[in-house]
Amino acid sequence: MSKTHVTAIINGDQTEFLTEDGTSLLNALRDDVGLTGVKEGCGTGDCGACSVIMNGALNASCLVFAPEADGATIVTVEGLADGDHLHPLQQCFLEGAALQCGICTPGFLVAAKVLLDKNPNPTETEIRYALAGNLCRCTGYDKIIRAVQEAASRMQEA
Amino acid sequence: MKYYAPATIEEAIGVLTSEPGTRVFAGATDVVPQMRSGRDLGPGLIDLKKIERLSAVTRQDDMWVIGAAVPAAQLTANADLSHDLPGVVEAAGLIGSDQVQSRSSLGGNVCNASPAADSVPALVAAGARAVIASGDGTRTILVEELPVGPGRTSLAPGEFVVEFEIDRPAGATADAYLRLIPRTEMDIAVVGAGVQLTMDGGTCTSARIALGAVAPTVVRVPDAEAAIVGTTLDDAALAAASAAASAACNPIDDKRGTIAYRQHVAGVLTKRAIGIAADRAQNPGTANGSTH
Amino acid sequence: MSALGQSLPRPDARDKVTGDARYPGDRFPPDVLFAFIVFTDQPHARITRLDTAAAEAAEGVVAVVTAADVPVNEYGLTMFDQPVLIGPTSSGRSAVPHDVSRWEADHLAVVIAETEEQARSAAALIESDWEALPLVADIDAALADGAPLVHPEHPAQSNAYHHLVITKGDVATAFERADVVIEGTYELPYQEHAYLQPEAGVAYVDEEGRITVEVAGQWTHEDQEQIAHALDLDLDAVRVIYPPIGGAFGGREDMSLQIVLALAVRKLNERGIDRPVRSQWSREESIVGHHKRHRGRVHTRWAATKDGVLLGVEATSHLDAGSYNYTSNKVLGNLHLTVAGPYEVPNAQLDSYAVYTNAVPGGAFRGFGGPQGCFVSETQMNRLAAALHLDPVEVRRRNVLGEGSIGITSTPLPAGVSLPEVIEECAIEADWEAPPRPPAAIGAFASLPPTTEASRRGRGFACAYKNIGFSFGFPERSVADIVLHGSDDADARPTSAELYLAGADVGQGAHLAFLQMAAEATGLDVEAITPGFSDTATSGDSGSASASRLSWMTGNAILGAAEEAEKAWRDGDRPARGHFRYTPPPTEMLDPDGRTPTTPNFAYGYVAEAVDLSVDVETGHIVVHDVVCAIDVGRIINPQQVTGQIEGAVIQAHGYCLSENLVVIDGRVMNPRFSGYLIPGIGDIPEQVRSVMLEIPDPRGPFGVRGMAEMPLMPYAPAIVGALYDATGVWFDSFPLTPPRVRAVLRAAGVGAS
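Protein chains in written order, with this note's numbering: chain D, 1 to 158; chain P, 1 to 292; chain R, 1 to 754.
Source of the hints: derived by calculation from the structure; they are not laboratory data. Any given hint could be a false lead.
Within a straight-line C-alpha distance of at most 27 Å, the following computed BS3-like cross-link-like pairs (lysine-lysine) qualify [claimed, not checked]:
| no. | chain 1 | residue 1 | chain 2 | residue 2 |
| --- | --- | --- | --- | --- |
| 1 | P | Lys50 | P | Lys2 |
| 2 | P | Lys49 | D | Lys118 |
| 3 | P | Lys255 | D | Lys3 |
| 4 | P | Lys2 | D | Lys3 |
| 5 | P | Lys50 | D | Lys3 |
| 6 | D | Lys118 | P | Lys2 |
| 7 | P | Lys49 | P | Lys2 |
Examples of chain D residues lying across from chain R (beta carbon under 10 Å, computed) [what the hints assert, rightly or not]:
| no. | residue |
| --- | --- |
| 8 | Phe93 |
| 9 | Lys143 |
| 10 | Met155 |
| 11 | Ala158 |
Glycine included, every Cβ here is placed at the ideal spot set by N, Cα and C.
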């Protein structure tokens, strides 16, 4: 197995890790960087639980080889809050009961952030399209849509 | 497994030559599931995304050139491309979720050679060509000549696709792609139908129709094309095209659909896609039928 | 202000939105080893040789656990019929033959190594020889003449190993007197739980020397018991802790990696290695390796008068229990009680069978046999309405169980029967009396663009009842402990409390419900209560997170513990301790011929649903526009959490009914990924789901609470089938209603283009 040295900006911090070439970014983030907020739901890009923002784009980290992250800027769920101050999306998911078991929650938050960064005032249909890569088995999704709408409206007021 | 990220086509060819058995990839959206299924992907993977030419989209006077590794999200975000080739763009836009769209490429979708690949019928209907590189230089073939069976392409060892060339539509010409899946997003086509046609004063003057997921490789349907050329796309013509599409299928039974279902739906989608393409050809600039 | 009825935020929500919550798969203690669990990959075969020498010698491998290491090689929640590990040698202290693999996911060995990659690579070096045994693929194969027995050691000496009967009145005469007979055979599909967190856990020896397993389960104390049984340890030598759990839905009711993780730690310990062990299944291993909602088949005939009044019901039901019982005998009981519907049925002959096969085991899944029984009864009732040109709501008014009604087991239902009110509320909210809606374009959000030409629209209705708590005499109890703190002053009130409960929060918000009920019972704010949940070392047995029982049972235990603590407080104890073990009214098992009046349950919940859909008759695509779910929850503890359960259950039902198509061929799951097993995504769901919550108190429920988390899943599929009939005039007797199936049935009926 070949090992590669990777340097990336992860949640604002320059981070270095050593990884085997065939390792997924998901496993590298969890096992080597300690970011266990990034969840593995399927490992095949079908559920979105491992979503991260890589160079501004929404990615399933299970589909990315860890060496590809060299030089990249990566944001995970751990990077959304500003210290103790939750991101409006986090606050609205919390207040709106948009989570139950919570395994899908980090992926939804990250995907919703990418959406609101591009489109601060999305329609319900646009929210559904943007979150179609994230599966949730608990909530039935409605409270997730409401939470994203509420966060969008709070962020516009702010 | 070793990871390579060449910066040039020559470098990539160098690795392919010096490390036999290595494979190229762009988004890895098919490669990763294949690895998990235990498929031996060889000693190394070559990431093509760092090669500028494979990551470029350019509009020339008479054609579009789309790099093989360009992620689908860049195609759907390109308004000029969507205006010229809405069917190709909507097919690319149907390859998976936003997470997958950040990675999945036309090159990967075509060369993975899945019979159900969404982009293939749309590219074939649009008359797309693939530019292929190897140590011997480049050659250009029609996209329909690339897949030769499930998981198999006509590429020789050491070859890979650099880019796709698609002529810009002239006159009242437009394309459309429809696919059916059991859900709304994130699934593999049960049937896909790509159509490109040209209208002149209400009469269809030329047509290209291609179907996906109904045979081991993409199917061109000359009988369906013949059924509508020279007509005003009246009900009888559409019914004939629909029947020809159903008849052209050679599908399999699987958990996504039966043979009878695929044959039937191929006809339904062909009919509906013709309607959308005709509407676009006669009313340029409308996005009727686009799912995004 | 009362703590009840408030949408307070969950105590676990902050950690879940920041990524700080540590689920069992997120635990990487220092020095941790990885345990890879090797499946036999043999649906039916006898092992003749097992050689782990090469695996043990592989790089990074610390130990390999096999059947020879299991003190008592058997387990099972309601009967011991499954070996922990399959192998040619065993300690001999189990009646279950240990050398036969009856399921592709039977466990063969546990490879413990420094890393996951090393453990997985070493597993490939395990050598085994197998002698093929004849495969029993499904119910038909299991019931065929001369079929091989999956469990030759079972006293039933038949693959149909568990049989329940209800014989009521004179069913033959009822059919003679009938004006109309409705007959149907229904094929019921599997459903996979698809909780987003695959099975994972970590095990170690704790500071008091207990073998400790941190895992996602549904019943800490039952896990503890089964681990102790297999390892032949005293109960208090085993500790089970549940960290945050990534969904369950019944799928964690039975063991997955609990026992083998404990075995791994024990084996290391015997070798003087004191290191923790972790394990995590892939999605594929999860789908292959745990039980499913049962597939099955029901043949039934209903007799009624021309006014739509039921005279009698005959039903013969088979559930595919798969290779091991799990909870099949209990699930069968629920099917048995629901297959004739929530109706007054004067005459009945019901025969229900659980059948062993070499397929994946059937077991607990939200509704627990109820969704299968409900699909049959409600489709029958809708067909009866259609046959008599009666309105589906009106025909239910004429038959529905009400207060004082005699149930199917010939005893009165427990007081507080509210189904008539639930049905009326559902009909009102759905505007059921309104004229049919015009055909709608198949959604803006389908994979196909809108078309109205091929679109047909219809509405459907169904209702259900389901037990709350364990049935048929299964021991039911819940223990709670409350400790009140405050000033020594004689007339001071407590200022804070501790609450100890084992009840599992599988994501449904149970812990928040416990806190809100404890706040109400003690008069304290929720913030003043410190929880101690889900650890066998600190809590008494609360029973499982299942059967819609947790709020009902623990609520009663909390009320009792609060009262005990309050007494101690008045007596001057500081802190004041209250311990209470709540037991509900007893329930009874059916007798073998099912004639004796029997009380199988102590409480029920009631639900009704109305749906409005469009179907594209050319493609078979269905879009659901509107769902109204009316449910009597007795008393709302937390409105947000209750609607969360309703919405979640409806969407699980949507998947069960429309898209989830688990393919099992010759004992093998063929689509163990989310790319092939399609649970609903955010774009697939109904355009709106409306929750209507009634609060008619359950006389025995704590604060009037009724259980409610399963019920909304039950009527959805038959309501959809009723709406499809309304739209197309065609009945469906099997599902999921995937486009190919819908199209094929419509085509056979001559609906839509040929």
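We went through each hint and held it up to the structure:
| no. | hint | in the structure |
| --- | --- | --- |
| 1 | Lys50/P with Lys2/P | holds (16 Å) |
| 2 | Lys49/P with Lys118/D | holds (23 Å) |
| 3 | Lys255/P with Lys3/D | violated (40 Å) |
| 4 | Lys2/P with Lys3/D | holds (8 Å) |
| 5 | Lys50/P with Lys3/D | holds (20 Å) |
| 6 | Lys118/D with Lys2/P | violated (35 Å) |
| 7 | Lys49/P with Lys2/P | holds (16 Å) |
| 8 | Phe93 | holds (5 Å) |
| 9 | Lys143 | holds (6 Å) |
| 10 | Met155 | violated (16 Å) |
| 11 | Ala158 | violated (18 Å) |
The structure shown violates the earlier hints numbered 3, 6, 10 and 11.
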